[in-house]
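Colleague: Spelled out, the chains give:
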Amino acid sequence: MTTFVIAKSTLGEALRKKILWIFLLVALGMIVMSFSFAEFSMREELTIIKSFGLGIIAIAGMFISIILSINLIPAEIERRTIYTILSKPVRRHEFLLGKFFGALATVFVNVALMSVIFLIMLTWKNHWQPDFAILKAILMIFFQLELLTTVAMVFSVFVTPVVNFFLSSGVYIIGSLSDITEAMARNKDANAFVRGFYSVIHYLMPNFANYFTQNPIIHPEAPVQNEWAYYGKAIAYAIVYSSILLIVAVVKFEKRDM
Amino acid sequence: MAEAIRTEGLTKTYKLLMQKEPVSAVSNLSLEVEEGEIFGFLGPNGAGKTTTIKMLLGLTYPTEGKAWVLGKPAGDIDVKREISYLPESPYFYDYMTGSEVVDFYARLFGMSTKARNTKVEELLKLVGLHHDGNKPLNQYSKGMLQRIGIAQALVNDPKLLFFDEPTSGLDPIAHSEIRDLILKLRDEGRTVFLSSHQLSDVETVCDRVAILNRGRLLKIGKLDDLLHGSTIEIRAQGIGNDTIEKLKALSHGVRSEDGAILISVGESEGVNHAIDVIRAAKGQVLSVMPKKRTLEDLFMEIIREVNN
Chain A
0 MTTFVIAKST
10 LGEALRKKIL
20 WIFLLVALGM
30 IVMSFSFAEF
40 SMREELTIIK
50 SFGLGIIAIA
60 GMFISIILSI
70 NLIPAEIERR
80 TIYTILSKPV
90 RRHEFLLGKF
100 FGALATVFVN
110 VALMSVIFLI
120 MLTWKNHWQP
130 DFAILKAILM
140 IFFQLELLTT
150 VAMVFSVFVT
160 PVVNFFLSSG
170 VYIIGSLSDI
180 TEAMARNKDA
190 NAFVRGFYSV
200 IHYLMPNFAN
210 YFTQNPIIHP
220 EAPVQNEWAY
230 YGKAIAYAIV
240 YSSILLIVAV
250 VKFEKRDM
Chain B
0 MAEAIRTEGL
10 TKTYKLLMQK
20 EPVSAVSNLS
30 LEVEEGEIFG
40 FLGPNGAGKT
50 TTIKMLLGLT
60 YPTEGKAWVL
70 GKPAGDIDVK
80 REISYLPESP
90 YFYDYMTGSE
100 VVDFYARLFG
110 MSTKARNTKV
120 EELLKLVGLH
130 HDGNKPLNQY
140 SKGMLQRIGI
150 AQALVNDPKL
160 LFFDEPTSGL
170 DPIAHSEIRD
180 LILKLRDEGR
190 TVFLSSHQLS
200 DVETVCDRVA
210 ILNRGRLLKI
220 GKLDDLLHGS
230 TIEIRAQGIG
240 NDTIEKLKAL
250 SHGVRSEDGA
260 ILISVGESEG
270 VNHAIDVIRA
280 AKGQVLSVMP
290 KKRTLEDLFM
300 EIIREVNN
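Note that the protein sequences, when read in sequence, are chains A and B.
For the first sequence, numbering that gives the first Met the number 0 begins at 0 and goes up steadily by one.
For the second sequence, numbering that gives the first Met the number 0 begins at 0 and goes up steadily by one.
Possibly wrong hints are sitting among the right ones.
30 Å max Cα-Cα, derived DSSO-like pairs, lysine-lysine [what the hints assert, rightly or not]: (1) A:Lys7 / B:Lys113; (2) B:Lys19 / B:Lys71; (3) A:Lys187 / A:Lys7; (4) A:Lys7 / B:Lys134; (5) B:Lys281 / B:Lys245; (6) B:Lys183 / B:Lys71; (7) A:Lys7 / A:Lys135; (8) A:Lys16 / B:Lys141; (9) A:Lys17 / B:Lys134; (10) B:Lys113 / B:Lys124; (11) B:Lys124 / A:Lys254; (12) B:Lys183 / B:Lys158; (13) B:Lys141 / A:Lys17; (14) A:Lys187 / A:Lys16; (15) B:Lys124 / A:Lys7; (16) B:Lys158 / B:Lys124; (17) A:Lys7 / B:Lys158; (18) A:Lys251 / B:Lys124.
Just so you know, the hints here were simulated from the structure itself, not pulled from any lab data.
Here the structure is a predicted model, which means the values were calculated and not measured.
If we strip away everything but chain B, and leave its shape as in the complex, we get (with noise of 0.2 Å):
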């Protein structure tokens, strides 16, 4: 399968007043992204996300690295024909009806006034808002606003989308309706990077995930090898310090909760050796869980990770 996305040690620094050192907002970061699939790009705020996004939109310069888009270089003016852009909370001329915004926004591509008027037409219908049209922005909910962003990055009928926090603001049922229409895109042909905080959402869309912190990729593959294996859950409580280091060194993770110690082992064979621990320190074991591996676990795991 061909790539729609390219990167190849990418890397931004920003100078700051009063600062000798260079800040890093994206660090040598090399990644693929395949056409027709959804991407999650995920990390915590300040990760080098929205950075990465700009860069592969030509919007910011990287200061070292390469990165190309539907083959071409980021930025590329006929790129842009083929792409769009959902920034998070996005923001449009108020005084503009959501009529005329998606209008705006088809006359920037220079589409006939045929064109435009059965593709705002089109487009309002499919995000919702076709009786609303004719209302100005600035009487729009931050939730209508965001299906107006969703409208305009749709106008070109792109073969490849960035979606900053698509469901941003939304109310469940919009937040459902937005997520069918990701898979919907996926399902059309079209390639989805969607950069979110939303881990259940990226758990249920995405084919392959990327977990970037402080601008540095820390894993990246298939959603399904990354979430791989279930995990058991032991609960337990009357256990010592001393119990609990030895419970480290053989599970995936210890933790407190609600008073009792919660013991994350992989296999059954883990299981028996963390109760025997747990027995022979006078502990009592509450209870005994098989638990499927969330994306939410791996992404917490891995920046408590980074951050120890």
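Same shape as in the complex, but just chain A (with noise of 0.2 Å):
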């Protein structure tokens, strides 16, 4: 119940967030303006603009979870909220999956206007024919969402928001590169010490490249080899990995002095 208390007063701040605002904003434009590509074919144009849109709610979502994950612990700390929180009935791991799932809840929220934005005008384009398949490209990259949050809320208990930036960014990029990553752990030309490195980093890191499923469903003559497993593997990824680094976090800010 205080989760869900903790949560709701999060995601209530959230939505009044400025930034997140000029953020969704800014997406949901670039979404609307892809719709002017005219100079192709229909068929090239529908791809491009596909592409396009899920490109922009993928960058848009991404910078909107790390903004708001890096401050959820340090402002509470910093402006002495948690201290009227904490010293009522509030156990801290109910704080701390509260501020997660008000995190989650604002990056649905973000990722839910913009898709509802870009299905209304692709379909307008498309005659009026829905295309539902975009739908899996969407809820991938909330799943891979979820997982940018967790990392980035995991940070904030441990370092400032400046460093947590730059740390959830530097993860989320090496964890986009995981065909790269996986491709030099097996390197055979590499020495030992190299594939060692690439392997640790390899299965160490998230691997956001799970949720780049735009191209089978942008180009459907490529279809994904079982396509639901394929789905519902990385999901259950998602929130196992995630699982995982709530629990460290969890573990972490029960000892940590406020």
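The two chains are supplied separately, each in an independent frame; assemble them into the complex guided by the hints.
Modeller: See the structure below:
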């Protein structure tokens, strides 16, 4: 119950942050702008619009997730709101989970708003024939952002917001290059140290590349084998990885002096 | 009478980067606060008052020692249902209205909607904000924020209240109202742990006080016992340093003020002796005034003594 109360207040506060609205409005503007591409054939045009729109949702979502999450805990400590809350019958893990779910709800609202506008525009462009396959890509983007929100929130228990911004962005970039780190780890020409280094990076870093599913959706001629199994695994991976990170954050947060 | 708070050897040290020795914020603090009393917790800035309160609330963990609040270890979740805290210069979510803030804290206690609505109305009226309950906090003055802080601290009808500088930033009328409220809380049988720099407030409302400096407990006791006995203040002029040194030996303190020397002595025999010393040095006695010892006198004496 207290987790829900804190999550609700986190969502309420986040939705009043001007910077998040700026990202959201810029993203919505770019999505709408993408529909002015006219010099391609209908099929090419739809492909470009889908690719561009999903890319905008993913990038705007990434900035919103990081900017929101890096301040989750430090802002509460700096403003001393945490003192009055934790002096009430609120367990530290309830507070932390409340902040996390509040941040996640904010990310969901933002992704949902961008997606609704994108879907409406896309359906209009496609002569009012809805393309529900795009929802699968949006679902994957949401779970990628869920993973990123967890990473940024876990770092927010340990480090300052500025350090966290660079750390979370770095983890996102490395995690998005998972195919490259995997290839480097398996490169037989490289020495054992380099292979070991890339193996550790590949298995330790969250695999954000799992969630870039736009290509098969945009190019239906190259379908993913066992599509639902792939999505199921990716979602399960995000939930399990996030749960492990949240346990680490809770353990650290329980011991922390406020 | 039962204890509301008990600490035994409570110690908090912090390790700072680039420093070999840890910094001590609170050192070996042992004290007891009885149920139903207003306990003043005094000390200059950096004395360790807020750190002590944070340890009692379970916000910070002691390096050594133990603390019990309402008979249970500090930080116990059940105890938190029966205590409350008003931090110094409190900040709340400023997008919320006054009513929403009080409602938010009431929700943390799992109160029903009906109970919350009644409570919010009652508390806003108590702190004089019933006409401003629908304004967002970013339109509140510092004094109004302090009042909202007090309202959130009373949301659970606490048995024990921790107030850290509750009158900070308030105008004289609000100041007096908060003082009356603290006395009312004591009359209702609640315990108040009051950390404040406003020594006149502490002297007016507290039953017992503790004085802390650099993390160490210097004095603790009933206010009446600590302030017992009045002093007599002799104002003199035209005396040299040798005489001042002699006067220091037979008085509570000697200080200069507006070109005159003020000598505080304890009893009439001491007065006569001091006057004899001044006259022998061909000094001039300007006045002899009885003076009641105040908490401020006691506080300054103790802090000066330690710093010297």
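Colleague: Enumerate the violated hints, using their earlier numbering and listing them in ascending order.
Modeller: Per hint list: 2, 3, 11, 14 and 18 violated.
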